[in-house]
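Colleague: Based on these hints, arrange chain B on the given structure of chain A.
Sequence lines, in order, name chains A and B. Those letters in the first sequence? Residues 19 to 376, per the numbering used here, in order. Those letters in the second sequence? Residues 1467 to 1724, per the numbering used here, in order.
Please keep in mind that the hints were generated in silico from the structure rather than gathered at the bench. Check each hint, because a few of them may be wrong.
Stated by the list, open to error - Facing chain B, according to a computed beta carbon distance under 8 Å, are these residues of chain A, among others:
1. Y27
2. D221
3. V224
Virtual Cβ for every residue (Gly too), placed ideally from N, Cα, C.
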Amino acid sequence: MRTLFKTSYDQDIRLFEHSGQVFWYGLLLLALVAAPWWLDAYPLAQLSFVLIYGVVGLGLMVLAGYTGLFSMGHGAFLGVGAYTQALLTAAGWPFFITIPLAGALAAAFGVVVGLPALRVKGIYLAIATLAFCIIVEEGIARWESLTGGNVGLMVQKAQAWGWKVDSEAAFYFLCLVVAVLSTLVVVNLLRSPTGRAFVAVRDSEVSAQCMGIHLARTKTLAFAISAFFTGVGGALYAHKVTYLTPDQFGILQSIDLLLLVTIGGLGSVHGAFLGALFLVTAPQGIAVVKDYLPPAIGQAPGLQQLVYGLVLVAIVLFEPRGLYGRWLKVRTWLQLFPFYRRGLFKRQKSYQKSERLR
Amino acid sequence: MSDVLLSVRDLSRHFGGVKAVNQVSFDVRRGEVFTLIGPNGAGKTTVFNLISRLYDPTSGEIRFDDQVLSQKPAHAIARLGIARTFQNIELFEYASVLQNLLIGRHVHLPRSLWREALFLPSVRANEREARHKVEEVIDFLNLQHYRDTLVAGLPYGVRKVVELARALCIGPKLLLLDEPSSGLNVDETRDLAYWIDDIKNLLGVTVLMVEHDMSLVSRVSDRVLAMNQGEVLALGTAAEVQQDPRVIEAYLGTGVAP
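Pulled out of the complex, with its shape left as it was, chain A reads as follows (with noise of 0.2 Å):
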């Protein structure tokens, strides 16, 4: 097991707390990088997409995991993202500018979302998002000049300077890129005072006020920023599905970013990465081991949702913290082996709050 031995201030603030996280996250880096070369086509189109998701994960992780805020409504986000993304392809803009287009156009719609947030909390902010999900999905579906309506919208590849990004491999790079990017704006955020104001208004609204947060500008800054990354994400997603309608960014789609979130672990970047991974994975193995299932079970509609359904409870019964949190367990017991103990992680008794001044 590694002991750190801090001497500087900067230990806690740089990005890797030592050198052994370099070399991991170094060969993990190859490894995506070198991907093309390893993996077949199908493979490397579905890592695309956990990338894509990951985007994805990592914009609703920092208002869920972060801030404390569930919003049931991430799906039109993604929808204004990815429809932004095939809109302006199509008027033959280039994607370094769309791309980040799309996630500004979300931010906005996201500042527009976040100001119900401002009074709601909970299971009320987690209907009015809803609501907001239906209105876009609605809208889109009615603005046909624009959108297509319910017939949809096909998406062009992605270009820029007479670059087409048209191969498996290219777009892989690009989602790649975006990921990286996108994965390390979030965690100096995090690290960050903005990212600590966060943390705050999640845990205790009244202590963050006393310590000079201002909660109206902290959240409504937590849903755009997690809006932009939404966004962005849709704008790969689009040039993933090739083909858009409005009913790919309903509350299916919200349901199933929640989902990523949570069963990731709620509070990780890791987190979102891992979620993702789940959310693709997971219909590939379903569909695995159906063939091997008895036909009434396996050929059962609704076999997907009903495995969903149960890896969320188990997640929330036993492993609060997700993918990850288990992940850091598994970690822990390998440094310490054989001296790891069950209690480990257990938390002391949380002390009641009598006096929370809501």
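Modeller: This is chain B only, laid out in the frame that chain A set:
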């Protein structure tokens, strides 16, 4: 610069028919430890919440350092130099002690989203600076051992100290302590008494405190204000207030045999 740091004039706060605080006036002088005492429901915490602007007063005025507090929003109070702790501890549970204390420096850190997104050298320099200040408080309150511990895993007594530390990180002129000794054992309470003395004498911070433990009150307070049912009963030194017949009556009831 006047002698009075915080001035409360005819302050009232009514919740429906309940007059939680009714026509209360007092002055807190610079550099003193001023304690509010009184039975449960006397309105002490409500006075605190009025000063930190979590409640709007029904009537009356609060002035701090020649500024009218009652017109400021709650998040502007820390910047003026008022820090507080809570009766039932309001820490950021799922953050480390260090992060909790760094949030105390929030008002002193310049914020720019673009710089933070890229984590430019200026952001790093500010972080170092904030950490430096935080470390001073950690040394002051002997929290070195708990720096990287999650607050959710800390025992009650330590949480109380962390909350005090977080308030000190603001670098306040006035520190509001809401029942700092509740839930602490004898040793921890004694430490607290030393710290309050040091906060007053070494850091030069004025302390306004709500407290029930009379031995602590008489040990650290310069002046004591007794309240009952939202009104002021008596003001003076701890000994004077304890002798006041109306205070005794409020605590023990009437009709004591001669």
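Colleague: When the nearest CB of chain B is found for D221/A, is that gap smaller than 8 Å?
Modeller: holds, 4 Å
Colleague: Less than 8 Å between beta-carbons is the criterion; does V224/A satisfy it with respect to chain B?
Modeller: holds, 5 Å
Colleague: Does Y27/A pass the interface check with chain B, least Cβ-Cβ distance below 8 Å?
Modeller: holds, 4 Å
This entry satisfies every hint, going by the numbered hints stated previously.
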